[in-house]
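Undergrad: Protein chains in written order, with our numbering: chain A, 1 to 194; chain B, 1 to 193.
Please note that a few of the clues may not be correct.
As the list claims (entries may be wrong) - In silico SDA-like pairs for lysine to any residue, Cα to Cα no more than 20 angstroms straight-line:
hint	chain 1	residue 1	chain 2	residue 2
1	B	K125	A	P102
2	B	K133	A	A92
3	B	K4	A	I68
4	B	K45	A	K120
5	B	K188	B	Q117
6	B	K4	A	D64
7	B	K125	A	V85
8	B	K140	B	D158
9	B	K41	B	Y30
10	B	K140	B	T169
11	B	K41	A	P102
12	A	K160	A	S146
13	A	K65	B	N113
14	B	K44	A	D165
15	B	K44	A	A87
16	B	K188	B	N113
17	B	K45	A	Y89
18	B	K133	A	L157
19	B	K133	A	S155
20	A	K160	B	E138
21	B	K4	A	F61
22	B	K125	A	D64
23	B	K133	A	I156
24	B	K41	A	I68
25	B	K82	B	N103
26	B	K83	B	N113
27	A	K120	B	E5
28	B	K125	A	L172
29	B	K133	A	D165
30	B	K4	A	F117
31	B	K125	A	A87
32	B	K133	A	I68
33	B	K44	A	G98
34	B	K4	A	V123
35	B	K41	A	D165
36	B	K45	A	G88
37	B	K34	A	V85
In short, the hints are calculated from the structure, not lab data.
Chain residues, written in single-letter form:
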Amino acid sequence: MNNMQNFSKGFFKENAVFVQLLGMCPTLGVTSTAINGLGMGLATTFVLLMSNIVISLVKGFIPDKVRIPAFIVIIASFVTVVDLVMAGYLPALHEQLGLFIPLIVVNCIVLGRAEAFASKNGVIASALDGLGMGLGFAMALFMLGSVREILGNLSILGIKLVDADGILLFILPPGAFLALGFLIAFINHVKKTA
Amino acid sequence: MAKKESTLFNMVSSLVVVTLIASTALGYVYELTKGPIAAAKLAKKIRSIDEVVVEYDNNPVDDMYKIPIENSEDSLEVYPAKKGEKVMASAIRTYSPKGYGGNVWLMVGLLPNGNIQNVAVLEHKETPGLGTKMDNDEFKNQFIGKNPASLNLKVIKDGGDIDALSGATITSRAFGQAIQLAFDTYTKGGQHE
Numbered sequence: 001m002n003n004m005q006n007f008s009k010g011f012f013k014e015n016a017v018f019v020q021l022l023g024m025c026p027t028l029g030v031t032s033t034a035i036n037g038l039g040m041g042l043a044t045t046f047v048l049l050m051s052n053i054v055i056s057l058v059k060g061f062i063p064d065k066v067r068i069p070a071f072i073v074i075i076a077s078f079v080t081v082v083d084l085v086m087a088g089y090l091p092a093l094h095e096q097l098g099l100f101i102p103l104i105v106v107n108c109i110v111l112g113r114a115e116a117f118a119s120k121n122g123v124i125a126s127a128l129d130g131l132g133m134g135l136g137f138a139m140a141l142f143m144l145g146s147v148r149e150i151l152g153n154l155s156i157l158g159i160k161l162v163d164a165d166g167i168l169l170f171i172l173p174p175g176a177f178l179a180l181g182f183l184i185a186f187i188n189h190v191k192k193t194a
Numbered sequence: 001m002a003k004k005e006s007t008l009f010n011m012v013s014s015l016v017v018v019t020l021i022a023s024t025a026l027g028y029v030y031e032l033t034k035g036p037i038a039a040a041k042l043a044k045k046i047r048s049i050d051e052v053v054v055e056y057d058n059n060p061v062d063d064m065y066k067i068p069i070e071n072s073e074d075s076l077e078v079y080p081a082k083k084g085e086k087v088m089a090s091a092i093r094t095y096s097p098k099g100y101g102g103n104v105w106l107m108v109g110l111l112p113n114g115n116i117q118n119v120a121v122l123e124h125k126e127t128p129g130l131g132t133k134m135d136n137d138e139f140k141n142q143f144i145g146k147n148p149a150s151l152n153l154k155v156i157k158d159g160g161d162i163d164a165l166s167g168a169t170i171t172s173r174a175f176g177q178a179i180q181l182a183f184d185t186y187t188k189g190g191q192h193e
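Construct the entire structure; sequences and hints are all you get.
TA: What follows is the structure in structure tokens.
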């Protein structure tokens with residue numbers, strides 16, 4: 001697999017949300033607005049990129065039997081960095097995402113990429129894989145957040161489109177399932193016809 | 001690259017090294033972000049105080065004092081807004097544990113006579129689109145300028161004067177309760193200078 005494919009597969013062919021159905025907890029939990037989805041996606045992208053780089057570099061020094069705890073420590077460190085930096089410089093977004101930032105540690109996409117890709121591949125391939133997977137995840141969260149915000153609040157990125165109440169259901173948790181289901185169906189349709 | 005063998009020494013030493021490096025790096029990042037985090041928290045507090053009290057020339061955060069809540073071990077934080085030595089109004093950080101999603105934290109601005117100057121919503125986990133509407137002016141205006149001594153802060157359903165938010169009676173109840181707590185604690189707990 002060449003480097004271009006390592007990067008691009010995260011967007012469409014192996015998109016974490018739409019194809020692998022991984023990381024459903026933040027996907028459903030934080031996407032009530034487009035900006036929340038994007039913020040969560042980019043925070044996860046940073047963690048994925050950095051943890052993939054570091055894990056691909058240290059994989060030779062970590063004995064097989066303790067690789068999982070070692071990976072988790074590395075991932076948790078980067079998540080804490082994101083948490084602290086966000087609390088200091090983006091307090092409003094940090095408050096919105098709240099508990100979901102520390103929960104990136106147990107996001108199965110991050111550990112999944114570490115196990116399945118970074119621990120078997122070189123540093124450049126791993127970096128591209130992490131970046132592509134992360135941006136694909138961010139794209140999916142942004143799409144889902146946009147759909148929910150438009151339908152539920154009749155606004156996009158906080159800008160009101162029509163001065164009226166939206167369909168409240170889409171802001172509430174059940175709306176996340178509905179919107180995600182229709183988005184996956186749509187993506188599958190596009191893939192089949194393309 | 002050949003993997004290191006999983007001997008006890010290799011396992012222990014590699015984990016020690018990984019955790020040592022990670023904790024050193026995190027300590028460094030913590031030191032770097034400590035200042036900005038404290039500044040962001042303070043800015044948020046001052047913003048909410050500014051929202052509920054007007055006209056002051058002291059620093060309400062420095063002058064903060066606590067009043068114990070009656071029949072409870074907790075206390076409320078009071079931020080007095082003074083002009084010279086005269087207390088113009090007090091911003092009281094109050095809460096109700098009976099929100100739909102746990103505690104609802106409010107900042108209530110009370111004039112010395114007990115009139116509500118303004119209310120700011122600080123923290124809550126109410127339902128988006130229903131309970132979150134407590135921050136709308138339409139709802140808050142029912143409280144602003146009124147005195148809880150004469151205004152019954154319960155919702156109409158419970159025999160009070162407050163028109164509850166549709167679909168969010170519990171949130172409306174908690175909102176009134178939090179203000180009542182601030183008023184009771186402030187008027188009974190002594191408005192010391």
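Undergrad: Take the hints in turn and mark each one as holding or not.
TA: Status of each hint after checking the structure:
1. Distance hint between B/K125 and A/P102 is fulfilled; the C-alpha atoms sit about 18 angstroms from each other, no more than 20 angstroms.
2. At roughly 18 angstroms between alpha-carbon atoms, B/K133 and A/A92 fall within 20 angstroms of each other, so this suggested pair holds.
3. For the hint linking B/K4 to A/I68, the alpha-carbon distance of about 15 angstroms falls within 20 angstroms, and the restraint holds.
4. As the CA atoms of B/K45 and A/K120 are separated by approximately 49 angstroms, the hinted pair breaks the 20 angstroms bound.
5. For the given pair, B/K188 sits about 19 angstroms from B/Q117 by alpha-carbon distance, which is consistent with the 20 angstroms threshold.
6. Taking the CA atoms of B/K4 and A/D64, the gap is near 8 angstroms; set against the 20 angstroms cutoff, the hint holds.
7. The suggested pairing of B/K125 with A/V85 is violated, with an alpha-carbon distance near 23 angstroms, which exceeds 20 angstroms.
8. The hinted pair formed by B/K140 and B/D158 meets the criterion: a straight-line CA distance of about 18 angstroms does not exceed 20 angstroms.
9. Simply put, B/K41 and B/Y30 have alpha-carbon atoms about 16 angstroms apart, close enough for the 20 angstroms limit, and the pair holds.
10. Proximity of B/K140 to B/T169 is assessed by CA-CA distance (about 14 angstroms); at most 20 angstroms being required, the pair is judged to hold.
11. With a C-alpha separation of about 19 angstroms, the suggested pair B/K41 and A/P102 falls inside the 20 angstroms cut-off, and the hint holds.
12. Between A/K160 and A/S146, the direct Cα distance comes to roughly 12 angstroms. Compliance with the 20 angstroms bound is thereby established for this hinted pair.
13. For the hint linking A/K65 to B/N113, the alpha-carbon distance of about 69 angstroms lies beyond 20 angstroms, and the restraint is violated.
14. For the proposed pair B/K44 and A/D165, the alpha carbon gap of about 29 angstroms is over 20 angstroms, so the pair is violated.
15. The hinted pair formed by B/K44 and A/A87 meets the criterion: a straight-line CA distance of about 12 angstroms does not exceed 20 angstroms.
16. With a C-alpha separation of about 12 angstroms, the suggested pair B/K188 and B/N113 falls inside the 20 angstroms cut-off, and the hint holds.
17. A C-alpha spacing of about 16 angstroms is found between B/K45 and A/Y89, which places the hinted pair at or below 20 angstroms, so the restraint holds.
18. Simply put, B/K133 and A/L157 have alpha-carbon atoms about 19 angstroms apart, close enough for the 20 angstroms limit, and the pair holds.
19. Among the hinted pairs, B/K133 with A/S155 is consistent with the structure: their alpha-carbon atoms are about 16 angstroms apart, no more than 20 angstroms.
20. Between the alpha carbons of A/K160 and B/E138 the distance comes to roughly 19 angstroms, so the proposed pair stays at or under 20 angstroms and holds.
21. Using a Cα cut-off of 20 angstroms, the hinted pair B/K4 and A/F61 holds, with the two alpha carbons roughly 6 angstroms apart.
22. Taking the CA atoms of B/K125 and A/D64, the gap is about 43 angstroms. The hint is violated against a cut of 20 angstroms.
23. This hinted pair checks out: B/K133 and A/I156 have alpha carbons roughly 19 angstroms apart, not beyond 20 angstroms.
24. With a C-alpha separation of about 36 angstroms, the suggested pairing of B/K41 with A/I68 is violated against the 20 angstroms cut-off.
25. Note on B/K82 and B/N103: the hinted pairing is violated, with a Cα-Cα distance of about 29 angstroms set against a maximum of 20 angstroms.
26. Proximity of B/K83 to B/N113 is assessed by CA-CA distance (about 16 angstroms); at most 20 angstroms being required, the pair is judged to hold.
27. The suggested pairing of A/K120 with B/E5 holds, with an alpha-carbon distance near 16 angstroms, which does not exceed 20 angstroms.
28. Of the supplied pair hints, the one linking B/K125 and A/L172 holds, its CA atoms being roughly 13 angstroms apart against a limit of 20 angstroms.
29. Simply put, B/K133 and A/D165 have alpha-carbon atoms about 12 angstroms apart, close enough for the 20 angstroms limit, and the pair holds.
30. Among the hinted pairs, B/K4 with A/F117 is consistent with the structure: their alpha-carbon atoms are about 19 angstroms apart, no more than 20 angstroms.
31. At most 20 angstroms may separate the alpha-carbon atoms for a hinted pair to count; B/K125 and A/A87 meet this at roughly 19 angstroms.
32. For a cut-off of 20 angstroms, the pair hint linking B/K133 to A/I68 is broken: about 45 angstroms separates their Cα positions.
33. Restraint check for B/K44 and A/G98: the C-alpha separation of about 16 angstroms stays at or below 20 angstroms, so the hint holds.
34. For the given pair, B/K4 sits about 19 angstroms from A/V123 by alpha-carbon distance, which is consistent with the 20 angstroms threshold.
35. For a cut-off of 20 angstroms, the pair hint linking B/K41 to A/D165 is broken: about 32 angstroms separates their Cα positions.
36. About 15 angstroms separates the Cα atoms of B/K45 and A/G88, which keeps this hinted pair within 20 angstroms; it holds.
37. The straight-line distance between the Cα atoms of B/K34 and A/V85 is roughly 9 angstroms, inside the 20 angstroms bound, and the hint therefore holds.
Checked against the numbered hints given earlier, this structure breaks hints 4, 7, 13, 14, 22, 24, 25, 32 and 35; the rest are met.
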